[in-house]
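Protein chains in written order, with this note's numbering: chain R, 28 to 258; chain S, 72 to 475.
What the hints contain is simulated information worked out from the structure, not anything from laboratory work. A portion of the hints provided could be inaccurate.
[Stated by the list, open to error] Below are the DSS-like pairs computed for lysine-lysine, each with C-alpha atoms no more than 30 Å apart in a straight line:
1) Lys-387(S) x Lys-43(R)
2) Lys-43(R) x Lys-374(S)
3) Lys-115(R) x Lys-78(S)
4) Lys-148(R) x Lys-43(R)
5) Lys-78(S) x Lys-155(R)
6) Lys-90(R) x Lys-387(S)
7) Lys-387(S) x Lys-125(S)
8) Lys-374(S) x Lys-92(R)
9) Lys-387(S) x Lys-34(R)
10) Lys-292(S) x Lys-305(S)
11) Lys-374(S) x Lys-34(R)
[Said to hold, decoys possible] With the C-beta cut set under 7 Å, the calculated list includes, among others, these residues of chain R facing chain S:
12) Asn-80
13) Lys-102
14) Ser-106
15) Gly-113
16) Phe-141
[Said to hold, decoys possible] Covered, in the sense of this in silico footprint (three residues per stretch, anywhere, with C-beta under 8 Å from a C-beta of chain R), are these stretches of chain S:
17) 88–94
18) 386–395
Every residue gets a Cβ at the ideal spot worked out from N, C-alpha and C, and that includes glycine.
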Amino acid sequence: MKRSIIKLENVWKTYKMGDVEVNALQGLNLNINEGEFVAIMGPSGSGKSTAVNMIGCLDVPTKGKITLEQHDISKLSESELAQIRGRKIGFIFQQFNLIPTMTALENVMLPMIFQGLNEEKRTERAIKLLELVELGDRINHKPTELSGGQQQRVAIARALANNPEVVIADEPTGNLDSKTGTNVLDFLQKLHKKENKTIVMVTHDANLSRVAERIEFLKDGIIVKSLDNER
Amino acid sequence: MLKDYFKFALSTISHRKLRSWLTMIGIFIGIAAVVGLISLGQGFKQAINKEFEKIGVDKLFITAKGGFGPPGTNAVVKLTKDDLKAIKKVSGIENAAGFILANSKVEFEDEVGFFPIQSIPKGEERRLLAETQSLEIQEGRNLRDSDGFSAIIGIGFVEKELLGRNLRLRNKIKINDKDFTIVGVLEKTGDPGRDNSIFIPEDTLREVFNEPDKIDTIMVKAANVENMQIIAEKVTNDLRRFRNVKKDEEDFDVQTPEQLLGSFGDILNIVQSVLIGIAAISLLVGGIGIANTMYTAVIERTKEIGIMKSVGAQNKDILLIFIIESGLLGALGGLIGVVIGFGLSKSVEFIAKNVIGTNLIEAYFSYTLFFGALLFSFFIGALFGLMPARQAASLQPVEALRFK
Ligand SMILES: Nc1ncnc2c1ncn2[C@@H]1O[C@H](COP(=O)(O)OP(=O)(O)OP(=O)(O)O)[C@@H](O)[C@H]1O
Ligand SMILES: [Mg+2]
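Here chain R stands alone, though its shape is the one from the complex:
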C-alpha cells in the first residue's frame, strides 16, 4: 500500500467577479501517492491549473480539505505555506517563469537562498543540477540568451533545487515544439524513475500523458474520469 502524499477532499475554489461567481473547482477529490507520476488532462478552463496550484500550496481553497503528509494545510499560516513550497514542492510552469535579470545559475540558486543555504553549497548544487539538465555550459546565461527548451530545463533544475518531494508541472511543454517538448518530458521521466520523485503534470497532449502512471480527467472543476496506465 503506497503512502498518500497529498489528498484533496471536496475542494472548492470560487472566484468572485463583481456579482458573478465562478467555481473553478467544485468539490474536487484527488489523492496523490508518494512516488507516483500523475497526469491531469481536461479542456481549457476546466480547473487544472487551479487544482495543481492547490496541490502545490500556492493557493488555498475556498472550501474543503487539503492534507499534505497528514497535515491539514488549511490551518497553516502564509509563511508556513511558503516554507512547504520551498522545501517540498518544485514548480515548473508553461511560461518558464525565470527571473529575467538573473543568470541560469542565479535562478537555480534562488529557492536555496530562501532556505538559507550558504553560498558555497548552493553554487555547488546549482551547478550539479544544471549539469543534470545538460546546461553545464550555459550557467552564466540570462534567460533571454537561452532557447525555450533550455529555459524550461533551467526551470526544471530550479524546481529540484531544494530536493522536493513533489514536482508540479503545469503544461511544461505548452510553449515548446514537439521535439524539445519530448526532451523536457524525458527529464521529468528520468526524475521519476531514477530519483523516485512524485510528479503531477498538467497536459493537453494525450501522447505526453502516456508516460504517466495515472491520468485524471477534469471537467468543470471535478474529476470525471481516472485511468491507470498499466504497462
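The hints should help you fit chain S with the ligands onto chain R, whose structure is shown.
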C-alpha cells in the same frame, strides 16, 4: 540571507541606472545639506572649545566700560594699576595681570606701518598672561624682566612681509621713534589680530607712550574653577567699592570666557536650526521620490514577486528585499550627499580662512558623522520604502504569477 538581499538590491539598482540616479538626487541634496551643516557646526563648536581651552575656564576678564567718567573729571573711564592691586586682594584669586594696548607707527628700514603694540608685564604676571593668551615662542626667546627695548613679534611679520620684507631675529625696528631689537617670534594662531601684533615690556611701553597708570584689560586666574560665578561677583563687588561706584552703575565689565565666546554659539544655533528645517523638507521630498520609485518597482516586478513566492519566499523575505532595496537607494544617495556635504563645508572653511581670515570656521569630519549619515539615509530610504514593500509582500502568489 540578508547579504543576498543586498546583492539583489544592488543588481536591480544598477539595472535601472537612470531611474536610480534620479531617485538618489532627491536624497543626496538633503543629506549634503545636513552633513555640511553638522560638519560646520561641530567644527565651529570645536574651534570655540579650543579657544576655551587655550584661555582656560578658570579665567576672568575685566575691562573698562566705554563712555566717559563722572562729570568734572573729563577723563575717559580707564582701569588703573591700583585697580589691579585691589583685584589681587580679592579672596579666591590666585593671580591677576594686566596689559595695555597701543596702536603705533612702526618702522623698519624705509618701510612704515601701523600695528597694535601690547605690553608684557613682569614675573608671575607675565606667566599668567602667556598662559591666557597662549603666547608660545616659535623662535628666539620670550621677554625677560631685565629687557628694556626688546620686542617679540607675531608670525605675520615673518611670513607676510608686513614691513617691506620679512623680519628676522635681531632685526632693529622703530616703535614710536624708539629703537627696539627683535628677540622672539610667536607661534602662529590664525587670529590675524594676534599674528600681526608686537609685544614689548610694560615699563618700556608706559615710558614710550606716556601711559603711567592705565590698564586696558585685567586677567584674573581663580584659585578654584568650581565657583567662577561667585568669584566673578566678588571681584565685581570689591572693585565697585574700590572705584566708589553704585551697584548696577559699574563702569567696568567682568566676563568669563563663556560669556566672551558664548554669543557666537547662540547665533550659530539659530542659523543651524533654520537650515536643518530646510534640509528636512528636502529629505522628505527625496523620501517621497523613493516611495514613488518603489511603488513603480513593485508593479513592474509583480511577476517576479510571484516567482519568488512560488519557490519558497515568505512574505517577510519579500518585505525585506524591497525595504533593503529602498534603503540602499537612500544610502547610495546619502553616500553622494555625504561627500558633497563634506566638500561644501571644506570650501566654506577655505573661504573663511583665506578670504575672511578667521580660524573659527573649520570643517569637522568624523567617521561617526560619516557612517551616521549613511545609516540615516538608509533609514530614510527604508522608511519611505516600507509601504511599497508591504504591498509587494502581501501579493497573492497566484495573482502575482498571472500578472503580465
Ligand atoms: N483569478 C481568477 N479570477 C477569476 N476567475 C479565475 C481566476 N483564475 C481562474 N479563474 C477561472 O477558473 C476557471 C479555471 O481556471 P484554470 O486556470 O484552472 O483552468 P485550466 O484548466 O488551467 O485552463 P487552461 O488549460 O486554459 O490553462 C476558469 O474558468 C477561469 O476563468
Ligand atoms: Mg492552466
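Outcome of the hint check:
Our distance criterion of 30 Å between C-alpha atoms is met by Lys-387(S) and Lys-43(R), whose separation comes to about 28 Å. The suggested pairing of Lys-43(R) with Lys-374(S) holds, with an alpha-carbon distance near 22 Å, which does not exceed 30 Å. This hinted pair checks out: Lys-115(R) and Lys-78(S) have alpha carbons roughly 26 Å apart, not beyond 30 Å. Distance check on the hinted pair: Lys-148(R) and Lys-43(R) sit about 45 Å apart at the alpha-carbon level, beyond 30 Å; violated.
Our distance criterion of 30 Å between C-alpha atoms is met by Lys-78(S) and Lys-155(R), whose separation comes to about 23 Å. Taken as a hint, the Lys-90(R) and Lys-387(S) pair is honoured in the structure, with Cα atoms around 27 Å apart against an allowance of 30 Å. The straight-line distance between the Cα atoms of Lys-387(S) and Lys-125(S) is roughly 56 Å, outside the 30 Å bound, and the hint therefore fails. Our distance criterion of 30 Å between C-alpha atoms is met by Lys-374(S) and Lys-92(R), whose separation comes to about 28 Å.
Taking the CA atoms of Lys-387(S) and Lys-34(R), the gap is near 29 Å; set against the 30 Å cutoff, the hint holds. Taking the CA atoms of Lys-292(S) and Lys-305(S), the gap is near 13 Å; set against the 30 Å cutoff, the hint holds. For the hint pairing Lys-374(S) with Lys-34(R), the CA-to-CA distance comes to about 29 Å; that is within 30 Å, so the pair holds. At about 6 Å, the closest approach between the beta carbon of Asn-80(R) and any beta carbon in chain S falls short of 7 Å, and the interface hint on this residue holds.
A cut of 7 Å between beta carbons decides the hint on Lys-102(R): the least distance to chain S is about 17 Å, and the hint is violated. A distance limit of 7 Å between C-beta atoms decides the matter here; for Ser-106(R) the minimum to chain S is near 4 Å, and the interface restraint holds. Hint status for Gly-113(R): holds, given a least beta-carbon distance of 2 Å to chain S, under 7 Å. A distance limit of 7 Å between C-beta atoms decides the matter here; for Phe-141(R) the minimum to chain S is near 4 Å, and the interface restraint holds.
With 0 residues bearing a CB less than 8 Å from a CB of chain R, the segment 88–94 of chain S misses the requirement of three and the coverage assertion fails. With a cut-off of 8 Å between beta carbons, the segment 386–395 of chain S has 3 residues touching chain R; three or more are needed, and the interface restraint holds.
In summary, the structure is inconsistent with hints 4, 7, 13 and 17 from the numbered list given earlier, while agreeing with the others.
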